[in-house]
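Number of protein chains: 2
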Amino acid sequence: MAKNEQFVSQIADIETDFPQWYTDVVLKTKLVDYGPVKGTMVIRPYGYAIWENIQRELDARFKAAGVENAYFPLLIPMSFMTKEAEHVEGFAPEVAVVTHAGGAKLEEPLVVRPTSETIIGHMMGKWVESWRDLPLRMNQWCNVMRWEKTTRPFLRTSEFLWQEGHSVYTSGEEAETETLNMLRLYEEFAKNVLCMPVLTGRKTEKEKFAGAVATYGMEAMMHDGKSLQSGTTHYMGQNFAKAFNVRFTDKDGTLKYGYTMSYGVSTRLIGAIIMTHGDQRGLVLPPPVSPVQAVIVPIAQKKEGVLEACNALLERLKRAGVRVTLDDSDNSPGWKFNEWEMKGVPLRIELGPRDIEGGVMTVFRRDTCEKDVSSLSDAENAVTELLRAVSENLYARAEKRMRERIVPAETLGQLLDGVNGGNFVRAGWCGCRACEDAVKETAQATARVMAEENTAKTCVVCGKPSVHTVFFARAY
Amino acid sequence: MAKNEQFVSQIADIETDFPQWYTDVVLKTKLVDYGPVKGTMVIRPYGYAIWENIQRELDARFKAAGVENAYFPLLIPMSFMTKEAEHVEGFAPEVAVVTHAGGAKLEEPLVVRPTSETIIGHMMGKWVESWRDLPLRMNQWCNVMRWEKTTRPFLRTSEFLWQEGHSVYTSGEEAETETLNMLRLYEEFAKNVLCMPVLTGRKTEKEKFAGAVATYGMEAMMHDGKSLQSGTTHYMGQNFAKAFNVRFTDKDGTLKYGYTMSYGVSTRLIGAIIMTHGDQRGLVLPPPVSPVQAVIVPIAQKKEGVLEACNALLERLKRAGVRVTLDDSDNSPGWKFNEWEMKGVPLRIELGPRDIEGGVMTVFRRDTCEKDVSSLSDAENAVTELLRAVSENLYARAEKRMRERIVPAETLGQLLDGVNGGNFVRAGWCGCRACEDAVKETAQATARVMAEENTAKTCVVCGKPSVHTVFFARAY
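Order-wise, the sequence lines are chains V and W.
Position one of the first sequence corresponds to residue 1365 (the numbering used here), numbered consecutively onward.
Position one of the second sequence corresponds to residue 1365 (the numbering used here), numbered consecutively onward.
Heads up, some of the hints might be wrong.
A pair counts as met if it fits within one copy or between any two copies, since identical chains are not told apart.
Claimed, not checked - As a list, the in silico BS3-like pairs of lysine-lysine whose alpha-carbon atoms are at most 25 Å apart:
(1) 1821 <-> 1804
(2) 1700 <-> 1667
(3) 1513 <-> 1469
(4) 1615 <-> 1700
(5) 1620 <-> 1394
These are calculated hints, taken from the structure and not from any lab test.
All chains should be modelled from the sequences, with the hints used to inform the complete structure.
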């Protein structure tokens, strides 16, 4: 038995010790391991396969929207960081810096990219000349680095993988529209691919991206009622265009600065999936991103005909486009059941002598933990249909939980009670930083996003008229 | 008109100034640009799309062979590098080093990975326990960094993208077999996807990977007769297993060190394609990796029915799985012809009023620069068939050139004449380092790979009996 496999059933209690449950699950299912440098992670094959599925689905959406992929250098001259005042203030404290290379000290220190607005802005300044060159819409899949003090696999690590899209437009309206379009693209993706409901909206000044005019976020409710920021889009106005001289000759012959925007999601989404859908048995993976969608477990596999029937079913389901595997290892069926349940595989198909004789298969659904019998002859349709049903149920269940756990508050006391109870709290806010800070101090909760409409009457802190209705929550 | 587009026809002469031809082509076709830090490159969308096609084809081959993808950290503790004596000697001079992060000096400097044998070895040591865990076969797609003094886009840059596969086996025989299997996988890929013939074989001790027992390479002949190392596979024996304590309990209950191997190809392959197939008009891209396989250019596009017919053909070819685009810009047909020829698109389909009336299309083949007329009604088959023919011709042409340009030599003078004439030289070698160095000094040529059989009689330098028949060439 290999390391990490010895105590598969020992997962901490999900209700009373959710942080330990998370750590147990990500390590025991071999999604991830700790790297040798503090704060780094190794994404193991089972975890990386989820990321590949996320990439494939998102990348297809970007391409359909007309965005092209490119690749920009990892190392950014330190001087670039300082060209946008808010940007350097936000990121300088957490960058890793290359000071030596090729056996010599560098003339200028180089920053390992925490995000690429600066270097992409620099290149856009080189490339953009005429209004005919715009819009310019690019995306890159890459690694980024932010030196964090407290780290957890997928949620916050010094290095992580992500995509960052960057566009430049001739007008602020177009760039703002794209900022909202990409937020909607993320929301649709979260719903249909991750089976995860999200709250979307604009961030407060305090919570926005360093250097942005406006940041929009999508927030997802985790099992413990805390929020996980799962994606952000940023409208930059001309901040970066001016810092990096991104100018174009407009139709009227005058030279103007462009308007930029950016957007990103990361391997954090894997953490979001785990903490949205997981249960006491371990992972519950959404079918669209699950590396294995169905596992066939033979019953009495040494009996004549069992493995043959399992292999025949395996081939049929593969041809139908299902990501399916057959577990014909020497382990007992019970051991296999536990293992694949912990690994979150959406469907388990049990096939034994009696099933084969009866022309049926027994299918276990990971989301409901219920078994049902269905006809072997129609296995392709049954499995495809069940995978769709699992996806729908996962989304519906999470959506119901989020809906039920958004509670209103009119006072700071109610807000504190709300977040203590594992809820998101919807409350009025006067718009001032002092009240936002007071919520943080009193309830350890932050403004996650602002609602589109202000429906609250008064600020939850100071009682003055509400300017924005805000969703407050404790957050990862 | 945007920057870089103003002088599209000004490409240096391919025969008399190949280095400048290369630079002109990669910049003017917008494959790549220089990054702000010396020696770095930006892979622009047109170049990155080639890389995506390379990735998709190779990744499918790895997965079919049972290799799983994973992701290991970018930063490696300096102490890891020193655990394998040859490895640190080879790579230490060209690493970039992170000394500060999160606003403080690090206790131990961290190396930006030049390759990941050390950190993957460390993790394998943590994961591998029993013979049941083996073989363990993983691959990662990532960026790596090697601080180089002289750089050229795609060919040698301080940062580049690649894949690196790493496996550990219970026996040396299995690891060696995998080393040769992966070399053959690369060779098949080069032939069928890049349309590029290669010479494969074992490298000399001087040319092998730092820390390997044996390195195998595939070498491709560029337009100027120089060789480009296009992929390598390495058998490590127990060197890294011992350095990183990768041990397993064998079936007999004893603890043994594993045997490791690794293999990699990089964005250098894009340079290989350019310099293998390109001509005076610019790029000639192999259909399997070309971002655009066919471009439709309307003739007299303002005439009634022309754009409609072009769009109808576009949709038909898309449905047939062809990567096709329609150039309905305001530029003249002649300008479009030059542009798409320079960009190396395999097929250009011209469609004008007379073609439409006659139910035909005119197809220009980029490889032969010849035009032919074929029936519009059978366009899907015609285009698919022509793409296959272009691929075959590109390979056949390059293979013929390589075959004709491998010449024998029995003396150092003949060897010098051979490489001066733009050839690879096949010659005997006694096996000693002094003679290998003498070839380098006299002819600026290196041992690219050793032939499987020694068919030469005497060493081309010292005249002693030949031990290996070697392919010598000047190399990038």
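Against the structure, the hints:
When the C-alpha separation of residue 1821 and residue 1804 is checked against a cutoff of 25 Å, the pair qualifies only within one copy, where the shortest distance is 21 Å, while the shortest distance between copies is 83 Å. Taking identical chains as interchangeable, the C-alpha atoms of residue 1700 and residue 1667 lie at most 25 Å apart only when both belong to the same chain, with a minimum of 18 Å there against 68 Å between chains. Taking the closest pair of Cα atoms, residue 1513 and residue 1469 come within 25 Å of each other only across two copies (14 Å); inside a single copy the shortest separation is 27 Å, beyond that limit. For the identical chains of this complex, residue 1615 and residue 1700 are inter-copy neighbours only, at 23 Å across copies versus 67 Å inside a copy, given an alpha-carbon limit of 25 Å.
Taking CA atoms no more than 25 Å apart as the test, residue 1620 paired with residue 1394 passes between copies only; the shortest distance there is 24 Å, against 52 Å inside one copy.
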